[in-house]
Amino acid sequence: MAQLVFGYFAGVIAVTAMLVVALRNPVYSVLSLLIMFFHVAGLYVTLHAEFLAAVQLIVYAGAILVLYLFVVMLLNAKQDDRYHRQWRVAGFVCVPLLLELLVLFAGGKMEPSPLFSADQTGPGTDNAKAIGMTLFSTYLFPFEVASLILLVAMIGAIVLAKRDIGGSGA
Amino acid sequence: MPYALIPLLPLLSFLILGLAGHWIKDKAHLVAVPAVVLSFLLSVTVFVDAIDGHNMTIPLYTWLVSGSLDVHIGLSIDRLTAVMLLLVTGVSSLVHVYTIGYMHGEPGYARFFSYIALFTFSMLMLVLADNLLQLFIFWEAVGLCSYLLIGHWYERPSACAAATKAFLVNRVGDFGFLLGLLLAWVTFGSLNYHEIFSAAQETAAQTINLLAPFGGIWEVSLLTLLCLLLFTGAVGKSAQVPLHVWLPDAMEGPTPISALIHAATMVTAGVFMVARLAPLYNLSPVAMDVVAVVGALTMVFGATIALTQTDIKRVVAYSTVSQLGYMVMACGLGAYVSGMYHLLTHGAFKALLFLGCGSVIIALHHEQDMRNMGGLKDTLPITYWTFVIGSLALAGFPLTAGFFSKDDLLVAAWSSGSLGQALAIAGLFTALMTAFYSFRLVFVMFWGPSRVDPHHADHVHEPSGVITGPLIILAMLSIATGYLGIPSFLEPVFATDAPVEPHGAAGIGIMIAATLAGLTGIAGAYYVYVLNPGLPDRLARRWESLYQGSLNKWYVDEAYDRLFVRTTMSAAVALWKRIDVGIIDSAVNGIGRAIAWGGWLLRLVQSGETQHYALAMAAGIVVMVTIFFLS
Amino acid sequence: MTDSFPWLTVLIFLPLVGAAMLCLFKESAVRPIAFGITIAEFAVAAPLWWLFDSSSASMQFTEQAVWISRPSIQYHVGLDGISLPLVLMTTVLLPLCVLISWRSVETRIKSFMALLLVMEGAMIGVFAALDFVLFYIFWEAMLIPMYLLIGVWGGPNRLYATVKFVLYTLAGSVLLLVAILVLYVQADTFDILRLSSQSYAPTLQFWLFLAFFAAFAVKVPMFPFHTWLPDAHVEAPTAGSVILASVLLKMGTYGFLRFSLPMLPDASKAFTPLMVALSITAIIYGAYMALAQTDLKKLIAYSSVSHMGFVTLGLFTFNLQGIEGAVMQMVNHGITTGGLFLCVGIIYDRTHSRLIADNVGLARPMPRYAACLVIFALSSLGLPGTNSFVGEFLVLAGTFLTNKLAATLASLGIILAAAYLLWMVQRVAFGVPSPVFLPKLHDVNAREAAALIPLVVLVFWIGVFPNPLVSRLHPSVNHVLARALPQPATETEAMRLHDETIGPETPPAPSGGVALARRPNVSDTPPFNGAEGIEPLRKEGRP
Amino acid sequence: MTIPITYYLILSAVVFLTGVVGVLIRRNIIAILLSVELMLNATNINFVAFSRYLEDLGGQVFVFFALTVAAAEVAVGLAIIIALHRSKESINLEDFKLLKW
Amino acid sequence: MTLSAGDLLLILPEILVVAAACTVLAIEPIMTPHQRDGLAWLSLSTLAVCMGLIASQLGNPAEAFGGFIRVDDYACFWKLLLCLVSGLTVLLSYSYLKEERLRVGEYYAFVLLALAGMMVMVSAEDLLTIYLGTELMSLSLYVMAGLKRAEPRSLEASAKYFVLGAFSSGILLFGISLLYGATGSTRLPAIGAALAGHGLDTPLPLVATILLAAGFGFKLAVVPFHMWTPDVYQGAPTSVTAFMAVASKAASFGAFLRVFVEGLGGLKTDWSFLFLLICIATLVLGNSVALVQTNIKRMLAYSSIAHAGYAMIGVVASGRSPELAGNAIGIASVMLYLAFYAFMTFGAFAVVAMLRKGDVEGDEIEDFTGLAKRHPLAALLMLVFMVSLAGIPPTAGFIGKFYVFMSAVEAGLAWLAVVALIFAVVSAYYYLRVVMVMYMREPETSTAASPRLVLSPAISIVLACAIAGVVILGLYPGPLVNLAVQAVQALQ
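Residue numbers (this note's numbering), protein chains in the order written: chain A, 1 to 170; chain B, 1 to 631; chain C, 1 to 543; chain D, 1 to 101; chain E, 1 to 492.
Watch out, some of these pointers could steer you wrong.
[What the hints assert, rightly or not] EDC-like cross-link-like pairs, simulated, lysine to aspartate or glutamate; straight-line CA separation at most 20 Å:
id, chain 1, residue 1, chain 2, residue 2
1, D, K97, A, D80
2, A, K162, E, E28
3, D, K97, E, E364
4, A, K162, E, E151
5, A, K162, D, E89
6, D, K88, A, D126
7, D, K100, E, E28
8, C, K440, B, E155
9, E, K373, C, E27
10, E, K357, E, D367
11, A, K129, D, D56
12, B, K377, B, E491
13, E, K357, E, E28
For the record, the hints were derived by calculation from the structure and aren't laboratory data.
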């Protein structure tokens, strides 16, 4: 059962991920990514990361992708007529890498942890609370740094995207 | 020690004139002449001392000590030295006086005096040396003076070329000398004559493998090699075949120095060296034979060229070459005394001949071609008579100094063995030629109709007393030196254990033959140049190739030019263009260009496209993972 | 007496401070001040000649202070008999360089003089340094001032020449840095004296020797690495040429002597055939190159290649005469070639041409100049009585002991030297001057004469009385030999093997001892028995 | 019934490499940023899987921060895209190659 | 874990920097243009205070926030360097911004925020904080690179930097995730302990190492992750380039060393081989391509790539030596190298910035023609910086190379030192070409008439600091060496 669920999610994630890259219309790409995000969230749920699943949906799917979509619309991005010229080379580079990684990962002696199973007990229901507690105690410092990152992003976005800056600039 | 003043006085004279010559100018002789005359007087006292068998060594200072190589500059006086001192200071004094007249009014007057003072000093130090290195140092120093004096008229290209040539040819000889010197040091552990001589006997049997660096074997006697190397220096300095080429060209220098350096003193240094090192040479018969043969070759060779030259100084110069050949041959045959004796008499009469030439040249306003002379015996009587005396001495006319020394020499040669007899015959033949060309000179210059340039013909007159004075003194010496008993004075220096064979009848025979040869030569010259003035041209046409060969000095200069000078220069240019510029430099530049070129290529990777950069990153990861994947 | 005053520190830093001070003065005042500083420098250096204890092989006037503690790098300076003459020569030459640049350098004179002073400090530092890192710093620190001297004040093709010079020498010396570090790892010290007293594995020595060789051979410059020299010389201003030829080249041979021989004796011996071959090649090849030149400076530059070949040849003889000759030749080449370059500079100031074809017949309009030129040329061709003969003779003597063929070939170089130098003199000094340049040809003035005369005096002084100088070398050279030839007993044997040319049948004859006893003054070098190896007395008896 | 961690690793590797390929072959900057999002999501899958595997919340918290950073990057990235578009009327990355060599 | 005053005290420098940044942002809009100069002085004084604080923290290693960051001598060394460089950047920008007509408020804020990110990076003890610090720094730099929005090159630089930066941080993050999976922690000491004890029974740590190397390689600009560098350095405003080339590289090295030594120390035989390849490739490429550049910023970019290669030698050496002693000299040599590099590169960029005047961009090498005549002092300074970059004594550049090569030789990598030094010779060519252009070419008449250089007091201070650093550290590097060696001992 669990394998079936995983198989579904993994399959959809992989396929949509490829579609994101393969589809030449940006809008479609964004939409496939959206589908993928939903399934990733689903996968999180199977992994007892409910909080992250929620964040994935709200922040990623809800906020970030909408932003993408918005910019795609704003800039009226049309369908790409072709891929980058180097796509063959890229294939030559990435396929062996993928194969190597697969071999390495599959061949590794990574035995499943005895704790790691599909049973529904565990911290599941407390996941959000647990993360919340950790975030504001143990991870206080990273949290503050992350806030600074957001600050920089905000100002940076303003600085770069605003049209004309008073008095100076071209 | 007053004897130290003998060389030091000329040195002082040189320093004063060299440093202050700019201010002294025309008064230069007031410094130079007294110095050298004083030096001569001291030399006379040395000679007198030496008669008493007084040998002495005066150490001056330590030149260099480096391990077992220790060289002291000092003065070593024995009979051989004493004779040489007398010759050097004597001729030098006369030439100094002569120069006052000859060089008067020249811009380089003081410079000239400083040079000959330096030469006198160097030559004296050379003969006074008690070790090979001091000999070598002053050997080169006299070469330098010769160079400077040949090039005295430095605005004449021919003079400069002659000076350079003289130096270079001598360098070739000195190359051998230097190697011989080093070999001597390595062999004997010392450069001091006495130590070398006392150790020489022990090394007589040693051999040296000349092909050792190349893995071959060619054993030669160490002493022979040593002697031959040293003799190379003598070949250069004493203008022996094949390094004789510089001496005739050296006549580009002012005549006084031709007399002093290129006739009487410096060129005899080679003979002196062989004589000085007699104990060494005596141990190597092979080297002795080589010396004798080279001397004989030179003797004949020089005489044949002298027959046809038209430049009067060149005639005398080739005569010098020839006479030096006599001396060297004598030394090679073991007749050191005869060689030195001839050296001494030759110094007198050859200096006389050169100065006589100079007198004529001055009188004719620097005319040196005998074809433009003639009939000068009336206008230049003193010169004429002294010149005749000199020529007689050269020709070995009885009762002149040349007669005694040459006869002595030939007799000694004859009595020294089969090689000596062959060479003595060559010597007789040369004596014939010598008499011929020397009187050719006399007859063409002084007899017959005047062919002097009409512009100067009226002004031709006997030069002043400072010129004729030395001529007269030298003329007297050309006769007197025959009667001074020089051979017996020198005999002890070269005394060997070998029994001296009495000359006997052979000696008298040779003497007669030599006298006859001389007289025949004079008669021949009289016949050809006085009685039949047209004959020389006919003879020249008859034996065209021989005549041209002799006139052109048997094309030795041309051959050397082709063989050595031009090949060296073209090799230098070719090496420079091919190797230095072509290979080494272009390799250096090539490396630089290759790196820059690589930079250009690598730069193209930086295409400006972001995704190429990303691809490079991905490729980097792939490579790294692959490396680990494979390992 | 030697500890009381920091002689070397003053010598090294006086010019550097002086260079900094120059910046404070007006352009017009710079020349005399720079001259004053160099003269003061000479005045400080000169007493060392007398204060130097010529009987001691140890470093004198030493100073030592910690500079960097981790790893221990020290400011350690001192002089021995080898470096003393070189330091003195440097201090003699620099005032002359200032004098000769007095008028010929018009632009940016302040920078020029400052750079000259910096060079002086660094050069003395190189010769005095007893810490390898310190040495390297001084060694490399010269690069940029020299680069600027040539590049800013040089001739038309200076850009190419400077780049070649810098890259060439830098390429060589970077390997030296690695070698220094490797030595440090081996011996845990940068102190030259301590490094010299240790022994290293033969393989290591091999590589280290190659690295040293790269640095020093380029600097000397030895045969295949010489092509930077003609270019640099031709383009450099006169003072630059003088410094380059007289001092900078010496640093290479000094390096061989100070580092390669004592630190890497085994490798040095293993490389001796190569070094001798390269030296001989340099001597003959350089002479041939000089023969082919039409440019005065190039001619002298190639003659430097040839003459420096004698130095390297002497160094690798491993005997007293050879090495002392090499040091003498270093000093002498500095004096003579410095003089020649001064001469070329003087004529260049007048005619603005360095071509032999343009500068002909100078003896008539410029007699004093011609006299100096001839003297330097004669010295350069190794005429006895001048300084160069002493060095070349000693080198040849030393070489002859070990390798007769090499000595013979090297002597050929002397003939060739006479050829190209006399050829040059014949054209430049003699003959008739070209009418185009005649109006410009006025004889040397007092300032130029002041630059030339000291060198002329030195030419003859050393040539006539070389012993005071040579005697100061004995202990230090013996010290080097003692390191390079560690087993005195077997060494003579080795030399005999090395030298196959002396007779085959050799039962040692008793007369050898007699010969020794006959010259008691020879054996005045007892502490360093390595020197006995140079004993030329190999008297083989009769079979 | 357990799902070996290897499966998750393989999934994330596939998604990650897909993202890499996307970065390499898409010309549109927005698409490239989307591909970067794929890479980040692959990472996140890894983290969450490992977090589960190791029974350690740290991985999940890391994902939280990664999400935050991703959001910030998107903000800046989109701003840059807008500026680019404004200056050259193009959002094809290929078109921006003034700087090269 | 609760907030404690001690923790806050430990990160007081960071707090101050962030506070200053916020203050600058907040008060800038209400200031007149004239008053805005005050923002620079505010930033500077903050930095000065920070440096004092950091210096006082030397010798008292402590962990804060449950081990997310560690304020030890190692961190303090880097922080001091970073604060100094940031201060110099502010000073350099003071007049440069006016010349470029850029807004000062955001600019200083970004400098300070980036600095905060860097400070977090170098003191972080956890991959999470390293990641966050890196992102904080990078985001600030992306924006700063594009500050000259009117200039297409600037924007292009920003875009390229951003795209590739995002790409590389994705790679980095993937590597972190794998490492987390393999070791169960993101805490460096824990990772180190896990790898040391656990051994290598899975390939994950190795793959993670490669990915981390790639991620950091991007920040360090080593081949083949370097390709953004020339474009971005050239396109970005010069003062930003200087900041990027020096501070960002130093901070990245700080974090990189800590990760690889503390966290991945167990794998050092593997990564040192990896870095050996990278190092050689970097040296070859950086130096040989710099040879053919005509733009000085681009040339300096390639030179900075090459210098990363030299610093990498120390890393390789530290990985090669089995015992910690060799480790220490390797790491210390990298730290020293970066410190020396900071002074000389910053100085060089400062001179380039000085040439920016009006319409003259001043960043082509040709623009330096005859600088020695026009402005002897600037030429002299540039000369010293170039000589130092070429590693010729007696400058700091030489001392840096000396220590790096010493570590290499001690690690038995003499051949690597030889290779590197041969390329140092190549580098001398292009550095000296600048000298040649300045000193040995006559200025053309048109350029001779060009306006005089901008030499404000601020830029004078920058140059004075840089030249003092280059010369004094070249002549007397002892104290800094001791500091670095002492700092390395803080690494576990």
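To see whether the hints hold, each was checked on the structure:
Among the hinted pairs, K97 of chain D with D80 of chain A is consistent with the structure: their alpha-carbon atoms are about 19 Å apart, no more than 20 Å. Taking the CA atoms of K162 of chain A and E28 of chain E, the gap is about 17 Å. The hint holds against a cut of 20 Å. Among the hinted pairs, K97 of chain D with E364 of chain E is consistent with the structure: their alpha-carbon atoms are about 18 Å apart, no more than 20 Å. The suggested pairing of K162 of chain A with E151 of chain E holds, with an alpha-carbon distance near 15 Å, which does not exceed 20 Å.
Simply put, K162 of chain A and E89 of chain D have alpha-carbon atoms about 16 Å apart, close enough for the 20 Å limit, and the pair holds. Distance check on the hinted pair: K88 of chain D and D126 of chain A sit about 51 Å apart at the alpha-carbon level, beyond 20 Å; violated. Simply put, K100 of chain D and E28 of chain E have alpha-carbon atoms about 36 Å apart, too far for the 20 Å limit, and the pair is violated. Restraint check for K440 of chain C and E155 of chain B: the C-alpha separation of about 19 Å stays at or below 20 Å, so the hint holds.
For the suggested pair K373 of chain E and E27 of chain C, the alpha carbons sit about 15 Å apart, so the restraint of at most 20 Å is met. A distance of roughly 11 Å separates the Cα atoms of K357 of chain E and D367 of chain E; the hinted pair therefore holds under the 20 Å criterion. A C-alpha spacing of about 14 Å is found between K129 of chain A and D56 of chain D, which places the hinted pair at or below 20 Å, so the restraint holds. Between K377 of chain B and E491 of chain B the CA atoms are separated by roughly 41 Å; this puts the pair beyond 20 Å, and the hint is violated.
Among the hinted pairs, K357 of chain E with E28 of chain E is inconsistent with the structure: their alpha-carbon atoms are about 25 Å apart, more than 20 Å.
In summary, the numbered hints that this structure violates are 6, 7, 12 and 13.
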